[in-house]
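**Q** In order, the protein sequence lines correspond to chains A and B. Per this note's numbering, numbering through the first sequence is continuous, rising by one, with the last residue being 388. Per this note's numbering, numbering through the second sequence is continuous, rising by one, with the last residue being 388.
To be clear, the hints were calculated from the coordinates, so they are not data collected in a lab. Please note that a few of the clues may not be correct.
The list cannot tell twin chains apart, which means a pair is met if one copy fits it or any two copies do.
[Said to hold, decoys possible] Derived lysine-lysine pairs resembling BS3-like cross-links, with alpha carbons at most 27 Å apart: (1) 31 - 98; (2) 243 - 269; (3) 269 - 98; (4) 374 - 15; (5) 50 - 113; (6) 374 - 25; (7) 25 - 98; (8) 98 - 17; (9) 374 - 31.
Number of protein chains: 2
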Amino acid sequence: MTIGEKSVALHRKLKGKIELTSKYDVKNKEDLALVYTPGVAAACLAIKDNPEEAYNLTSKNNTVAVISDGTAVLGLGDIGPLAAMPVMEGKAVLFKKFANVDAIPLVLDIKDTEELIKTISHLAPSFGGINLEDISAPRCFEVERRLREMLDIPVFHDDQHGTAIASCAALLNALKLVKKDIKEAHIVVNGAGSAGTAITSFLIELGAENIVVCDIAGILDPSDETLSSYQQNLARVTNQKGLRGDLSDALVDADVFIGVSAGNILKKEMVARMANDAIVFALANPTPEIAREDALEGGAVVYGAGISNTPNQINNALVFPGLFKGLLEARVRQITTEMEIAACLALSNIIPEDELRPDYIIPDVFNLNVSKDIAKAIIDIQDKTT
Amino acid sequence: MTIGEKSVALHRKLKGKIELTSKYDVKNKEDLALVYTPGVAAACLAIKDNPEEAYNLTSKNNTVAVISDGTAVLGLGDIGPLAAMPVMEGKAVLFKKFANVDAIPLVLDIKDTEELIKTISHLAPSFGGINLEDISAPRCFEVERRLREMLDIPVFHDDQHGTAIASCAALLNALKLVKKDIKEAHIVVNGAGSAGTAITSFLIELGAENIVVCDIAGILDPSDETLSSYQQNLARVTNQKGLRGDLSDALVDADVFIGVSAGNILKKEMVARMANDAIVFALANPTPEIAREDALEGGAVVYGAGISNTPNQINNALVFPGLFKGLLEARVRQITTEMEIAACLALSNIIPEDELRPDYIIPDVFNLNVSKDIAKAIIDIQDKTT
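All chains should be modelled from the sequences, with the hints used to inform the complete structure.
**A** Have a look at this one:
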């Protein structure tokens, strides 16, 4: 059986990977009167008098909505909300496993962006945070930005920022290993969708000054009028040397390749054109931009990928559970870049510098310190500011 | 401590009455690859190819949304979505306890009816059914009707139909006990909101021909132009004798009083004006229309109430868990009146006729046969029609 066949068989056996359970066993009429009418009315009124009590008297304090419209699911594209459900349930399983956060998968049957924003905003009262997932670019930028303005709970598009935080944590460690400085490193980001855009912005926040972004048409060029406004913004803040050409041109003497694009588009010969001690992150799923052996044969010293069967798996699952745990525990209303940077540093610092090796720049997703340390980093920031 | 204080203390201790749990423990990278990327992609594609597979591969088959806008919560009125949350979580606890159905509480921050309908319709893909809850009348009628037209999963406004099914199941047994026929019985329904409207319609479906509906202004009269269109409809199908006056006038020689109105509005003297072997259901919460002792002193033979500290508790919790269990198991797309009648008969028939007593006309909510029998009644109908 292929892994896909095995997965379908498991899904068919489970008939759903998650379930809702009670934290209190209702054994008799007295219990019933406490968790439900008439007693429950007092809990309702306490929240009506003081909305903050919702965090003390309901599940809001530990519950996140995992919301998708199914327009950009994994590498599968616009498969619709119903078909996106297994991914959202999978995320809910990981939220629980790695950080004991209750995540409710909600797939929305909406195509219109305004309608999507409105609908998600209406859902906010039940939740302590919103994890947006698998929403197509460039709509995802608008959706997240507007919801952050509207809501008083944190909104986080994982495909953007989860990927950025995880890959930059790995990059910081890889750069330590090859003794290069992020400020000087020549970094090529391949893919100008939600992940590529977020990684680029985050690299700049971390101090990178020499980034070139490529998409399928080659190096992004601010004078190209066919670019979307988001890509134009990207082009404007990158490519300081005004390079033109394709990915192969961009990679000449590059220190870092970060691919968030498509399988097998990076060739061994292109890696060979990179600088010494090259770092290659091939994050496309399920097929990386280049296989590990090819990247190493091309001269890369550090290789990371999104898939699980190579060392250095760079996976959002390293980030979202602990990040939301911290956001919920600290009752954060708005995620800040400072928090994202703190999460990134917490993740990279889990591996002591003297333990870093080319095939160990990012902790294993089953390392329980990961979510704990990230949550703590968020809580520390909130404690500092309140 | 009052029951309200005890309830708040319990809520504060629990910090939410429900949690989301995994049905599969992810122990290693192979597990991860099955429940999440890359394996999960095959489950997504299987659903994309055949949407029906969502019922086999995701939690949709056993998951209901419990949705409220917080406009008509218990007897508390429009307390808003956040403050409604403890009730919705309470319902989720009962769904799980009595029928092992996973119910997700969703409180929506919406005032506009059209917006409410649109938002709920967008949520449908994640769920196998929708339980509407505590939405104010007359909006609730429009919301339910329109959603039933739009969606291919069952939509059930519990305040209407759950109340109707539970109270009519009790009534059928009470009528057996006093040897009266529903066709001839003179029935007074007091309260013309969502529950009163639904009870009246359901009584007619069950064969009742002599119903008078009262609201705060007295007996509903089809010539009264101040009535809402829903109340006018109610007036038109009831009060065949053209009675005028107040509740006290309506009750002269009445066989049955069903109150879904407000506490303490029914007086002992009014009960005394009813026919012999009068049946009084005082369903207002938390204070019934009349206390049990007063009703019995007034001459009532059978008394039922919504509260838990008297015999014959007529509670929606007798209905919604088993009803949805049946709807989900039979993959019903549209609830029919036939199904509601079947649920009502299943509920009343749990007590064998020779065991009926004035203080035992409706089974206890903790009787495990209740949800089983109701679910079976729904499944039997679906089997018959497919």
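**Q** Are the hints correct? Go through all of them and say.
**A** Results of checking the hints against the structure:
1. In this homomeric assembly, residue 31 and residue 98 come within 27 Å of each other (Cα to Cα) only across copies, at 16 Å, whereas the closest approach inside a single copy is 31 Å.
2. In this homomeric assembly, residue 243 and residue 269 come within 27 Å of each other (Cα to Cα) only inside a single copy, at 24 Å, whereas the closest approach across copies is 89 Å.
3. Taking the shortest alpha-carbon separations for residue 269 and residue 98, neither the intra-copy value of 39 Å nor the inter-copy value of 54 Å comes in at or below 27 Å.
4. Taking the closest pair of Cα atoms, residue 374 and residue 15 come within 27 Å of each other only across two copies (23 Å); inside a single copy the shortest separation is 32 Å, beyond that limit.
5. For the identical chains of this complex, residue 50 and residue 113 are inter-copy neighbours only, at 17 Å across copies versus 35 Å inside a copy, given an alpha-carbon limit of 27 Å.
6. Proximity of residue 374 to residue 25 under the C-alpha cut-off of 27 Å is found in both arrangements, the shortest distances being 23 Å within a copy and 23 Å between copies.
7. In this assembly of identical chains, the alpha carbons of residue 25 and residue 98 lie at most 27 Å apart whether taken from the same copy (15 Å) or from different copies (11 Å).
8. For the homomeric pair residue 98 and residue 17, the shortest alpha-carbon distances inside one copy (18 Å) and between copies (17 Å) are both at most 27 Å.
9. Taking CA atoms no more than 27 Å apart as the test, residue 374 paired with residue 31 passes between copies only; the shortest distance there is 20 Å, against 40 Å inside one copy.
Checked against the numbered hints above, the structure violates only hint 3.
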